[in-house]
Amino acid sequence: MFYTRQAVRPSFAFLACCVVLALILAACGGGAAPTPASAQPTGAGQPNPTELPAKTEPVILRIGWLGKPDTLNPAYAFLTESYLIFDLILNPLVTEDPTGKYVGALAKEWKAAEDGLTWTFTLKDNIKWHAGTPVTADDVAWAINAVIKDPEGWAALSNYVAGFKEVTAPDDKTVQIALENPIGNMEYRLSFLYTLPRKDFEQFKTPEDLQNFANDQAIGTGPFKLTQFDKDKGILILEANPDYFDGASKIDQIIFQTFDNADALVQALKVGDIDLVTEVPQSAFSTVKGFANVKAVQTPGRYFSEMIINSVPEDHDPPPTRNSALTDPQVRLAMAHAINKNDLVDVVLQGLGKPGVTIVPPILGGGFWYNSDIKDVEFDLTKANQILEDAGYKKGSDGVRAKDNVKLEFRLQFPSDNPLYPRAADLISAWFKEVGIKTTPQSTDPDALTAAITPVGDYDLVLWGWGPDPDPDFILSVMTTEQFVEGGWGDSGYSNPEYDQLYRDQQLAIDKTERQKMIKKMQEMVFNDRPYIVTWYEDILQAYRSDRFKGFIESPLGIESQKSILQAEPVP
Amino acid sequence: MSKLQRSFSNFWKVFRHSRMGLVGAFLLITMLLLALLAPLLTPYEPTDIIRDAAKRPLIYAPPSVHPPLGTDDAGHDVWTLLVYGARISLLVGFVAGFISVFIGSTLGTLAGFYGGKVDTVLMRTTDVFLVVPDLPLTIILIAMIRQLNLGISTIAVLIAVIGLLYWTTTARLIRSQVLTVKERQFVARARAIGAGNGHIMRKHILPLVLPLMTANTVLVISVAILVESGLAFLGLGDPSQPSWGTMLHFAFERNAISVGAWWVYLPPGLAIVWTVLGCVLLGNVLEEIFNPRLKSHHLEGDTKIVAISR
Amino acid sequence: MNRRDYIFRKIVFAILTLAIVFTINFFLFRVLPGDPVRAVIGRNVPISKEARQALYEQFGLNKLVFPDQYFDTLGQYLQGNLGVSWSLRRPVTQVLVAKLGNTLLLVTLGQFFAIILGVTLGLLSGWKRKTKIDISALTFSLIMWAVPTFWLGIMLLALGSALLGLPTGGMIDPKNVNKPFFENLPDVARHLILPTLTFTLVYMGEYMLIMRSSILEVLSEDYILTAKAKGLSHWQIMRKHALKNAMLPIVTLIALNLGFTVSGVIYIETVFSYDGLGKLFQEALTKQDFPLLQGAFMLLALAVIVANMLADILYTYLDPRVKQV
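Protein chains in written order, with my numbering: chain A, 1 to 572; chain B, 1001 to 1310; chain C, 2001 to 2325.
Among the hints, a few may not be true.
To be verified - Pair ranges (Cβ atoms, derived):
| # | chain 1 | residue 1 | chain 2 | residue 2 | range |
| --- | --- | --- | --- | --- | --- |
| 1 | A | 386 | B | 1041 | 33 to 43 Å |
| 2 | C | 2188 | A | 217 | 23 to 33 Å |
| 3 | C | 2244 | B | 1041 | 47 to 57 Å |
| 4 | A | 400 | B | 1195 | 48 to 58 Å |
| 5 | A | 132 | C | 2188 | 36 to 46 Å |
| 6 | A | 176 | C | 2079 | 53 to 63 Å |
| 7 | A | 57 | C | 2079 | 46 to 56 Å |
| 8 | A | 163 | C | 2101 | 45 to 55 Å |
| 9 | B | 1180 | C | 2012 | 25 to 35 Å |
| 10 | B | 1015 | C | 2133 | 21 to 31 Å |
Read the hints as simulated data drawn from the structure, not as lab findings. Don't be surprised by glycine CBs; every beta carbon is placed ideally from N, CA and C.
In isolation and in its complexed conformation, chain A is listed as follows (with noise of 0.2 Å):
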């Protein structure tokens, strides 16, 4: 579930009161709770990196990130980096490759019944634990079953498991998994279910003692097996798995690096301390592109940009707190007409991405979901100002548009922790002032935005980003009615009763051509009503040493990714 909103990179949005609970008896009580991530592993069992036999020296892949996992434990990680990591060390049974096709992990092949509603998986030969004992289907099982019994405590997992009843393992070699009714995506439901030990997880008598349980010395069964993870030190250090049922990498130790500062990230790459970085700042991508024995990778991304206007309806509980003129639909014809999303690609962006279109970035499903119909609302100042002028919007002295004494004067948020967006909005509001429209752009805390936002609907315009699942089930569920609810994903307050069927009707489509029929008509529902107007879609910007390594897969999985570290090596 890494779709935390892209603008908090590293977001901690989530936070259980159960944790603050148990830090801070632990604070009062000296060391009663449990140890934090802090606690380094000692002793046997971790061998040290300098210690290997010294036969020949091994490959060592440095990666640098600007992040760090949250927490090891999927029950309870929210961050993109989390899942980066848990790409590498666990498997679930079936994973997304880098073309968008789904193909098996643990599984070697699956099928669904004719009704839908029971799907039966055979597993891989050879499939061991780190720790060398086999996996047996009643492992895999035993680790779906545990999410599908205790929704809370795997919070992070639980979505997926929504319409699930159970799994059962009638071999060794066999998972069944019984729905309530079909699912659409199966498949990529699937790819988050990772195949966790069920001797560490059983153990946990409450959610929160499952939450809190850090899971810094994991054991799996992808290719890699953890050795280290420093939260304080910033480092986690990987082994490669021999072992590996689908064949061990040429790559024997992976180093992730976190760094503080995106400077000092691209000068490490430069002088080659590092090896691969995760994520280019726009604003060094090119400085990044001339430097010698450097692979600069540019590809188009699942991140989008939006400028969100309050839609929540006026009889909400409680009401929202806006402009009224925001309701008026030619009002958002005309800021739609007012923002130049090439200028946003050339300047935010630094030309590093595509202008947006809809809710649906054209990379999800090789392009198999994306409306490409839809023709964008051109930008053009004149007709901005004449169809304000029409709907009645007339200057005022100030340059400002009123009509019944309601002024266009809107406030812009956007949150505090992304430098993309001061830019955007100080764009926006220029070209806004052109057409009588006045913004104060404001700075906001991400936590405070979302708390004014959700369920209050106290804002008028937000600028913010999403990084959807591969799959669209995930951002059109943003744009449903129930979403904007407290602890919910929307936050346009959009409510349109035949948008939320269709997002019912969809998830249910087991015709993938049906179910593309329906998402395309969702996404021309939200382009023409306005609650959001997306801006842009963001390419995801990487760098490798090709004087170290070659053979990366370049795709919207990133070069980092399992499929992609499997296929590297090093340059001789």
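Please arrange chains B and C on chain A, whose structure you already have, making use of the hints.
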């Protein structure tokens, strides 16, 4: 010739011989002119985006491509940002400086003039403010006020908070000045003929404290400009009204160092040094003229630089 | 007033100041908009009505803000519990302690060089007044005073990394991160060069100015004239009379300076992404993590206030005149 004119011409006689004072005045005046004449000095607005022939924004264009100072990460003209930034930096510096000096002088005068309990209370308060680390307090206050969403502009918040926190040195300086003035004969005489406190303060104390206050204002302004630039660098400025600190904030955040875009981070820093140096030189010389203390020591002899603390 | 009374008064003043800082901190926190439970647990956590009520009581939020909550919080602070960081989900005290060592290292090194160089330069320039040395030292100090700390850092960073290949930030090269501590000393030293240099340049100017005016003050005293009349050489006068007396104010001023050393630490650590309290403070600001921000502020205030108190007390032993205040 009026009294004022006379004292001014006396002042000028001394001042024009002080090379440091003249340099300081020159630095400050040029910067003030730059700020005032900003619209005449550049054809652009700070929000304008500079474009190439294909109408695409020019990002990080060096001065050779887009004279005189190139463009920044958003395609803004750096020279335009610099001259308009002078307006914001100087505005915050001057207004916050005046507020500080006003508060400091009022407290200092009251403490010095009334003495006793008033003095104790006011000076203890000053001592408290003096030891509390001011930058963290400033940051916390600004961050809090922003959270409250009071609808006050960012610049106004900066001015208010800086003005309200950086008055301690002034209070102490003015107090000691008032203490010496108070003991002079004509004050005692005025009191003897039955003049009220208000009258004595207005007619006898204030005129004697005023010159020193002026000198101190110039110094406090330099502190305010430095503090503002630092806060803006940390991201507490208003990006829609960029000051020099805001320019440096974006240069740092948007990797101007990695890009090697020296034209983005060099000019605003030099502008700050230029202005602050102007204020310090001028302020020190003024203080020296208005507050003649030690003119020489026994191993050598000449004017003295007064150390000031940030 | 004898020395004991004086020391007692200084301690009372320090405690009083801390109490005021705490009070400001406490009420600022209450002024924050929104639900206080949210303020404690973070903004975005789905939470049931029952759990909310339980938390409400747990944190004593159902009690009066003053005096109940005020003294509860005070009690917690006195036990060293500064609350829990929103962004890091760890006790603030624990986070602060983890960063304290690095900051102390930087401050100690920076102050050491700044004091040595600043005091020497100040002495020289006061003594050799109006000479070329004095004028260049003065000019240098004035310019350093006018240079914003963070900008000096940026310039040194740009120059140092481009010309000398010095690291652009952090405390250690990532490739060395798992080596034992002692092997890493040269690397840590390399990373400390630029931040320490920035620190030294910024503060030596101030020490130089202070030392200069202090020595000027001493040299204008009558006993210097007496000494001169006795036929002592300049050097003898400096050594026997001036130096000792001029050093006195410096001792207190160095302690007083700690207050604005804090600002320097925030800027320098931010620019060089140096893993200490200053950067922590800047990050807490960026993430609007108020418990962390306030905890860090309390710690910094505590350090400065205690240092000031100690300096005041030390002064009574150093300067015989203060004995009878």
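Tested hints:
Between residue 386 of chain A and residue 1041 of chain B the CB atoms are about 36 Å apart, so this pair conforms to the stated range of 33 to 43 Å. Against the hinted window of 23 to 33 Å, the Cβ-Cβ separation of residue 2188 of chain C and residue 217 of chain A comes to about 29 Å, which satisfies the hint. Checking the proposed 47 to 57 Å range against residue 2244 of chain C and residue 1041 of chain B shows it holds: the Cβ atoms sit about 55 Å from each other. Range check, residue 400 of chain A to residue 1195 of chain B: about 55 Å between beta-carbon atoms, so the 48 to 58 Å window is met.
Separation of residue 132 of chain A from residue 2188 of chain C is about 40 Å and conforms to the stated range, judged on CB atoms against 36 to 46 Å. In this structure the hint that residue 176 of chain A and residue 2079 of chain C lie 53 to 63 Å apart at CB holds, the actual value being about 55 Å. About 52 Å separates the C-beta atoms of residue 57 of chain A and residue 2079 of chain C, a value consistent with the hinted range of 46 to 56 Å. Range check, residue 163 of chain A to residue 2101 of chain C: Cβ separation about 52 Å, and the 45 to 55 Å hint holds.
The supplied range of 25 to 35 Å is met by residue 1180 of chain B and residue 2012 of chain C, whose beta-carbon atoms lie about 30 Å from each other. Checked against the given bound of 21 to 31 Å, the beta carbons of residue 1015 of chain B and residue 2133 of chain C, roughly 26 Å apart, stay inside it.
When held up to the earlier numbered hints, the structure conflicts with none and fits them all.
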